[in-house]
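Put together the whole structure using the sequences plus the hints.
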Amino acid sequence: MRVRVLFFGMLKDLMGGSSDSLDLPEEASVGDLLELYERKVPALRKSLASIAVAVNQQYAGAGTKLKSDDEIALLPPVSGGRGE
Amino acid sequence: MNDDAADPVERGRQTTSARAWIIRSPIDTSSVLEGIKRGEDGAAVVFEGVVRNETRGRKTLYLDYEAYEEMALRQMESLAAQALTQLQIREVALVHRLGRLQIGETSVLIVVAAAHRAPAFDACRWLIDMLKRTVPIWKKEYFEDGAVWADGEPFPAEIPRGSLST
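Read top to bottom, the protein sequences are chains A and B. For the first sequence, our numbering assigns the number 1 to the initial residue and increments by one for each residue that follows. For the second sequence, our numbering assigns the number 1001 to the initial residue and increments by one for each residue that follows.
Hints are not guaranteed to be accurate.
Straight-line distance between alpha carbons at most 30 Å, and here's what the computed DSBU-like set of lysine-lysine pairs gives [as the list claims (entries may be wrong)]:
| id | chain 1 | residue 1 | chain 2 | residue 2 |
| --- | --- | --- | --- | --- |
| 1 | A | K12 | B | K1132 |
| 2 | B | K1037 | A | K65 |
| 3 | B | K1140 | A | K12 |
A few chain A residues facing chain B, derived, Cβ under 7 Å [as the list claims (entries may be wrong)]:
| id | residue |
| --- | --- |
| 4 | M10 |
| 5 | I51 |
| 6 | V55 |
| 7 | Y59 |
| 8 | S68 |
| 9 | A73 |
Some chain B residues well away from chain A (every beta-carbon gap over 12 Å; in silico) [as the list claims (entries may be wrong)]:
| id | residue |
| --- | --- |
| 10 | R1013 |
| 11 | S1107 |
| 12 | T1134 |
| 13 | E1158 |
Calculated directly from the structure, the hints in this document are not laboratory data. All residues carry an ideal CB built from backbone N, CA and C; glycine is no exception.
See the structure below:
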């Protein structure tokens, strides 16, 4: 199945672009997709603990199953600015 | 992204829902405020996030804001809806600007109207804190000697992370 992947903020620089189109096996999960990118871009590993993932514009966990034409976004921590 | 401000069509582009706006032109705080206030309100609280001229002692030249726009709008609208159902307020508006912003310009505006000031202040504080942690908007800071993506705030615990290890 084919899915669309979007990268934002510093992840655009790390991944070398703002979007990707990816062929995944049926039943693949968010975790599978992250593992695949981690193998492609080892530098992604240390960011994984802080990034969130959205599937079709909703935050989603690693176990979320993907389906054809899903839009998956990898989101670095959003721009805070300390409250204090 | 950097050309947003230069292109008049791009500059006019905006996405809006009932209580949230993502725009690329200057935020008009007074018209948002006047548009919200009604006779039954006893308080209106306004919060503006403003582009500061330095970060940790480094002089900032300007900022570029970018968003995962459709999701950002949904998140902002959902925060507005949560505030309206959980807090004693009557109305709220959330506005975020994208593109290049200069020092002193307003990047984000929150207006809350309520019968009484306490819930209006509480809701405004809750909304800006949640917006800054959960709405997918990022900023790149430009300094005299280079540019960096600003460190974001960690996502709240209820939002799952890419990996469970910390």
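These are the hints, each one checked on the structure:
1. A:K12 <-> B:K1132: Holds - the C-alpha atoms of B:K1132 and A:K12 are around 20 Å apart, at most 30 Å.
2. B:K1037 <-> A:K65: Violated. B:K1037 to A:K65 sits at ~45 Å, over the 30 Å cutoff.
3. B:K1140 <-> A:K12: holds, 12 Å
4. M10: For A:M10, the interface hint holds, since the closest Cβ of chain B sits about 4 Å away, which is under 7 Å.
5. I51: holds, 4 Å
6. V55: For A:V55, the interface hint is violated, since the closest Cβ of chain B sits about 10 Å away, which is over 7 Å.
7. Y59: holds, 5 Å
8. S68: Status violated, d = 20 Å.
9. A73: holds, 6 Å
10. R1013: holds, 17 Å
11. S1107: violated, 9 Å
12. T1134: The claim breaks: B:T1134 does not keep its Cβ more than 12 Å from every Cβ of chain A (closest is about 7 Å).
13. E1158: Violated, since 9 Å does not exceed 12 Å.
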